[in-house]
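*Asks:* Each chain, letter by letter, is given below.
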Amino acid sequence: MTIFLTAGSIYLVFILNEEGPLRILFNLLTFAGIYGLAAIGLNVHFGLTGLLNFGHASFMGVGAYVTLLLIPHAAGREGEITDTGLTFFPALVIGIIAAALFGLLLGLPAIRLRGDYLAIVTIAAAEIFRLLVRDLESVTGGVYGIINFSESLQIYKPEFLINFSERFELNSSQMWVGLLSWISIFIVLILLRRLINSPWGRALRAVREDEDAVRALGKNAIWLKLQSFMLGAGIAGLAGVFLAFNYGSLQTTTFVPLLTFYIWAIMILGGVGSLTGPIFGSIIFWVIISETDRLAQLIFENANGQQLAGVRFILVGLLIMLLMIFRPSGLLGKKEELLLDVKSS
Amino acid sequence: MIEQFGNGLLLGIIISVASVALSLLYGVTRIVNFAHGEIIALGAIMTLFFSNPIDSKILFLDRFAPLGMNFSISILIAILICGIFGGLLEIFLFRPLRKSEVGNIAVLVVTIGLSIFFRHLYLLFATGRVQNFPLELERRQTYLFFDMTPRNFQVLIAGLIVMIFIGLFLSYTKIGKAMRAVRDSNELANVSGINSDNIILFTWIASSMLAGLAGIFQAIINDVRYNMGFLILLLIFAGTVLGGIGTSFGAMVGGLLIGIFVQVSVALPFMEGHTEAKNAVALAIMILILLFRPQGIFGQKERIS
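Line order of the protein sequences matches chains A and B.
One point on numbering: in the numbering used here, the residue at position 129 of the first sequence is 129, and numbering is uninterrupted.
Numbers given in the numbering used here equal positions in the second sequence, counted from 1, plus 345.
FYI, nobody ran anything at the bench for these hints, they're computed from the structure.
Mixed in with the good hints there might be a few duds.
[As the list claims (entries may be wrong)] Chain A regions said to be covered by chain B (calculated; three or more residues, Cβ under 8 Å):
| id | stretch |
| --- | --- |
| 1 | 126-136 |
| 2 | 307-317 |
[As the list claims (entries may be wrong)] Okay, the calculated beta carbon distance ranges per label pair:
| id | chain 1 | residue 1 | chain 2 | residue 2 | range |
| --- | --- | --- | --- | --- | --- |
| 3 | B | Leu533 | A | Leu322 | 30 to 38 Å |
| 4 | A | Leu104 | B | Pro495 | 46 to 54 Å |
| 5 | B | Asn543 | A | Leu104 | 41 to 49 Å |
| 6 | A | Asp83 | B | Ile502 | 55 to 63 Å |
| 7 | A | Ile155 | B | Pro479 | 54 to 62 Å |
| 8 | A | Leu217 | B | Arg638 | 30 to 38 Å |
Cβ atoms here follow ideal geometry from the backbone N, Cα and C, with glycine treated the same way.
Generate the whole structure from the sequences, applying the supplied hints.
*Replies:* The following block contains the structure:
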C-alpha cells in the first residue's frame with residue numbers, strides 16, 4: 001500500500017512536469033533523503049521511546065554547524081576562508097558526536113518532565129540555540145551564515161555520477177549529496193534494525209509502554225531514555241550536515257521551528273514507530289510540497305513568492321491535523337505501535 | 346535601564362494578557378495550545394481589516410479592500426470575532442477530539458498543525474508585509490519615571506484594568522468559580538451539577554477574546570505581521586510557566602516579569618551588542634523554572650503531577 005502510494009506520487013511528478021521531470025524528481029528525492037534521515041532520528045525519539053521532541057531542528061543545526069566550522073569554510077561578513085586542517089569525514093564524525101552530546105544535554109530535562117512540558121522545553125531550547133548561533137557572529141557568521149565549504153565534500157564525488165549528471169543535465173553536486181543521504185539512510189536503517197531487535201531495543205520499547213515496569217525489572221529507564229535521545233540526535237546531526245551541503249550555504253533561518261514541524265509531518269505520514277515509514281513519508285511529502293507550488297501559482301495569480309510558499313505550509317498544517325485526527329498511526333504505522341492515546345499522567 | 350523598564354512593562358502587559366488566556370485554557374482543558382499565537386494574530390489582523398482606510402487594497406492578493414471603520418468599534422468587533430473563532434474551534438475540533446478520548450499529546454500535535462495552517466492562511470490573506478494600524482504618530486511623554494507615548498500608556502492602563510477584571514471575575518462570579526472547579530477536577534465538577542462542556546466552551550471563548558486583545562495591544566505598540574503571534578508564543582509559554590501553569594494570577598505576574606526581563610536584559614553589561622539574543626534569556630529562565638520549580642512562582646506543588 002505504502003510502496004504503491006510512493007510509486008504513484010513519483011509517477012505524478014512525471015505527469016505534472018512535461019519539461020525536465022527528471023531534474024525535479026532528483027531535486028525532491030535529495031530533499032526527501034535528507035528529511036527522511038532526520039525523520040528516522042525523530043522516530044527513535046518519539047516512535048520508539050515516546051519522547052516528545054520538538055527541538056529536532058537544533059540537533060540538525062548542531063551537526064551542521066560543528067561539521068562546517070571544522071572544515072575549510074568562510075563565515076560572516078568578511079568571508080575569509082578559515083581552516084582547521086580536518087578533512088570532511090573526521091569533521092562529520094565530530095559533528096555527529098556533537099549533535100549526540102547536545103541531545104544528551106537536552107535529554108536531561110526529559111528525566112524530570114512529562115510529555116507536554118518536554119515539548120515546550122525542547123522547542124525553547126532549539127530557539128535558544130538558534131538565537132545564540134545568530135548572535136555569535138564572530139564564530140558562526142551570524143545572520144551572514146557560512147559559505148564556501150562545499151569543496152570538502154565535492155572532491156570525493158565519483159566519476160560515474162558526473163558523467164550521469166551531464167548526460168541528463170542534472171546538478172552533479174546535488175546528486176552527490178542526495179546519493180550520500182540515501183546511502184546513509186540504508187546504513188542507519190540496517191543498524192537500527194539490529195539495535196531494535198536486540199535486548200536494548202526491547203528495553204527501549206518497554207520504556208515507552210510502561211516506565212515503571214522497566215524500572216521494577218532493574219533496568220535504568222533514565223539512561224535508556226538518554227541513550228535514545230543521543231542516538232536520534234546524532235542521526236539528525238548527520239541529516240543537518242547534508243542539508244547544509246545541499247543548500248551550499250548555511251543560514252540560521254534554516255533551523256526555525258518550522259523545520260521541526262516538517263520532520264514531524266513526515267514522521268506521522270510515514271508511520272509513528274515504523275522503521276522504514278519515514279522514507280516513504282518523506283518522498284510522498286516532498287512530492288506534495290513541490291507540486292503544491294506549481295498548483296498554487298495557477299490558483300493565486302498575483303501572489304508573491306512568500307505567499308506561494310505559504311500555500312505549501314497551509315497544506316502541511318492541514319496534513320498534520322488530519323493525520324493526527326483520523327490516522328494517528330500514519331500511513332504505514334501499526335496501531336499497536338502507538339502510544340498517543342495514552343493519557344499522560 | 347529605566348528606559349528599558351518602560352518597554353518591558355509594555356511587552357509585559359502583552360505577554361501577561363496572552364499568558365492569562367493560555368493559562369485559563371490549559372487549566373480547564375489541559376490543552377497546550379500552540380495555536381494560541383494565531384488567535385493573537387487574528388485579533389490584530391481583524392482590527393486592521395475593519396479599520397484601515399478603504400482605498401488601501403492590502404488584503405488578500407490586493408483584491409480585498411479594508412472596511413475603513415471607526416478604530417474603537419473595529420477593536421470590539423475583532424475581539425468578538427476572536428471569541429467566535431475560539432468557540433468554533435472548541436465545537437468543531439476539540440470537543441469531538443475530547444469525546445473520542447484522543448490523548449493530550451495527540452491534541453498538542455493537532456494544535457501545532459492548526460497553528461501552521463492558520464499562520465500561513467494569514468500570510469496568503471494579509472500578505473507578508475509589516476503593516477500598521479491607521480493611527481497618527483505620537484510623541485513620547487514621561488509618566489512617573491519612564492517614557493512612552495500616550496497611546497502606549499493607555500494600552501498599559503487598559504491591560505491592567507483587564508487583569509483586575511479577570512481576577513474579580515474568576516474569584517467572585519458563579520461562572521468563574523465553575524471554571525476553577527472544572528480545572529481542579531472535571532468529574533467532581535460534573536457531579537456537583539456543573540455542565541463541564543459549557544464551561545469549556547466558555548473558557549475557549551474567553552481565552553480567545555483575551556488572546557485577540559493581546560494581539561491588538563501588540564499591534565498598537567509594535568505592528569501587524571502574519572506571524573506576530575508565533576513570534577511571542579514562546580515568551581507567552583515562558584510567562585505562563587514562570588507564574589505557575591494553570592494559575593491565572595501567576596500567569597499575570599509571570600507574563601509581566603518575562604516582558605520586563607526580556608527588555609531589561611538588553612541593558613545588562615554582558616548583553617552589550619547581543620540584543621538579538623534577548624529572547625534567549627527569557628527562554629532559559631523558563632527551562633530552569635521547569636527543571637527546578639515546575640510549579641512556578643505561585644503554583645502549589647500538588648497541582649503538578
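*Asks:* Now look at each hint and say whether the structure bears it out.
*Replies:* Hint check:
no. : hint                            : result
1   : 126-136                         : holds (count 6)
2   : 307-317                         : holds (count 7)
3   : B:Leu533 x A:Leu322: 30 to 38 Å : 35 Å, holds
4   : A:Leu104 x B:Pro495: 46 to 54 Å : 52 Å, holds
5   : B:Asn543 x A:Leu104: 41 to 49 Å : 47 Å, holds
6   : A:Asp83 x B:Ile502: 55 to 63 Å  : 59 Å, holds
7   : A:Ile155 x B:Pro479: 54 to 62 Å : 58 Å, holds
8   : A:Leu217 x B:Arg638: 30 to 38 Å : 32 Å, holds
In this structure, every one of the numbered hints holds.
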